Amino acid sequence: MDQIAFISLSVLALASALGVVLSKNAVNGAMCLLLCLAGIAGLFVQLHAYFLAFILVWVYAGAVVALFLFIVMLLDMQGGRPWRFRAAQAFAGFMAAALLLVGLDLLAVRGRLGAGPNVGQAAVGSSLKLYAYQLFTTYLLPVQVMGFLLLIAMLGVIVISRRIGGAEDSR
Amino acid sequence: MIDFFFGLPVPVQALLKGIAVIGVIFPIAAACSMAERKVCAWIQSRSGPNRALPPIFAWIPGAGILQRLGVWQLMADGGKFVFKEEPLPDHVNKLYYTLAPVVAMVPAFTTVTVVPFGAYLGPGGRVIPLALANVDIGILAVFAVASLGVYSLILAGWASNSKYPFLGGVRASAQLISYELSMVLAVLPVFLWVNEPGTAGTLSLARVVEFQSRPGFWGGAWFLLTMPVSALVFAVALFAETNRQPFDMPESEADLVGGFHTEYGAFKWSLFFVAEYANMIVGSAVFALLFLGGWNLFPGISLARLLGGLHHLTGWALWLHPLVAGLASIAILLGKVLATIFVFMWIRWTVPRFRYDQVMRLGWQKLLPLSIANLIAYTIGIALLQR
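These protein sequences, in sequence, are chains L and X.
Going by the working numbering, the first sequence opens with residue 1, and the numbers climb by one from there.
Going by the working numbering, the second sequence opens with residue 172, and the numbers climb by one from there.
The shape of chain L in the complex, shown without the other chains (with noise of 0.2 Å):
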């Protein structure tokens, strides 16, 4: 049963992982999107990490991707000209798509991710309270990390965005 659910998920993740890179429409790009992060929830239940398949459903289903869908709606990207690789951009995507198999055999292969989670012990993203507490002890430095780095492009965005408009409708 488990299993079952499992490959299920897995395909379905995969298979609209695929559909985000091929579709050539950008809507359907994004409900693709939308599928494949319910497929990686589903996984997370699985997992029996509840609370981050909530965090993710919550967070990226139902706020980034509806972002998303605003920005296509916003610009109207339907139809336009097909992106044409040049040689260096192809090359550039290959050596990226050769570094991230080279992390995912350390991952898959070296790291020690076969065991599976722990069953006596509650996995840490079941509860808010373990997660929060990870993120607060062990994490700490990535989370502040990436707070800079959020807090850094909400000022590029706020100095962007005065450059454009401050010469029209400066009220």
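Be careful, since some hints might not be right.
[Stated by the list, open to error] Below, a list of computed lysine-lysine pairs in the DSS-like style, where the Cα atoms sit at most 30 Å apart:
#1 X:K334 with X:K265
#2 X:K255 with X:K209
#3 X:K209 with X:K265
#4 X:K209 with X:K251
#5 L:K24 with X:K334
#6 L:K24 with X:K265
Hints were generated in silico from the structure; no laboratory data involved.
Computed from a predicted structure; not experimentally measured.
Knowing the structure of chain L, use the given hints to seat chain X on it.
The following block gives chain X in isolation, referenced to the frame of chain L:
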């Protein structure tokens, strides 16, 4: 009967319970759409729907009163929506056009599963909440699933492939995300207060009601009284999240014809309508649980104490029966939900619709800073109070 029910396999039990709850919510949602027309008529000094009466019921004494109350209009509307021709315009994206009403309905009715709608007194006076799934991440699940409802508006607007629905869809995606932030920040102080140091952290809605029914001055007070700013921000954001006037930007019929559902008709359109009211019911239920004390009739007096007092006063053992407590709690919560929905309607027919820039300014420049300031103030206050 009870033995037979508990003898069934667990998934079948869950399915039956789910069907029972949806079987209650769906007619209430439909009846709310009827009540809306009647309430708006009273507010505007009209009579509202008062003609529909099936001939087969005409002989019943008192049917005339129901006729003037517009009760049968609900059946007439439902029948009309079912039997009308389903328009499928040529220029639409067929898949997403048909998918959108379904996407509207599913989150609206899925959120019901984690909302506790009553409680009964178990052995030893323990309060046991009645819910389809009383999960630990209650409010998070409500927010997560409810946030998926935005796709119905976006998809409907985009798939219709014409200008007004498209604008409605764009507005919907911006508005719903903007107000979700303030909504969540408004709820956080409640859970900060509920999760006292030393308790297992929980986001369960039933726990919030339990907290509001504790004895003592601070314990028995509803969060509406102790956190008025949170309640106000949550209520305003709830209006925006359920697309209710004065926030119904996605379908403002004055400038967008019908907004996202301009191209819809017949049963698909009515699905949007019922989903809107189902969202309102669940939203009002969450508001009642968080801020209005849930199934407690008065602030300061929990339902268990009220029933115990009645038992003491009259001497009837009936008051302590689990069934009485369960029914009373459901009735009280339902009463609060209906009262909240009445306020929804009252405001709809009193406050004119905002302009789009006003909606955005209110969301980002007023509600968001207010909710952040509120959160910081209550964080300090709760830290001092529970030290």
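Those earlier numbered hints the structure runs against, lowest number first: Number 3 only.
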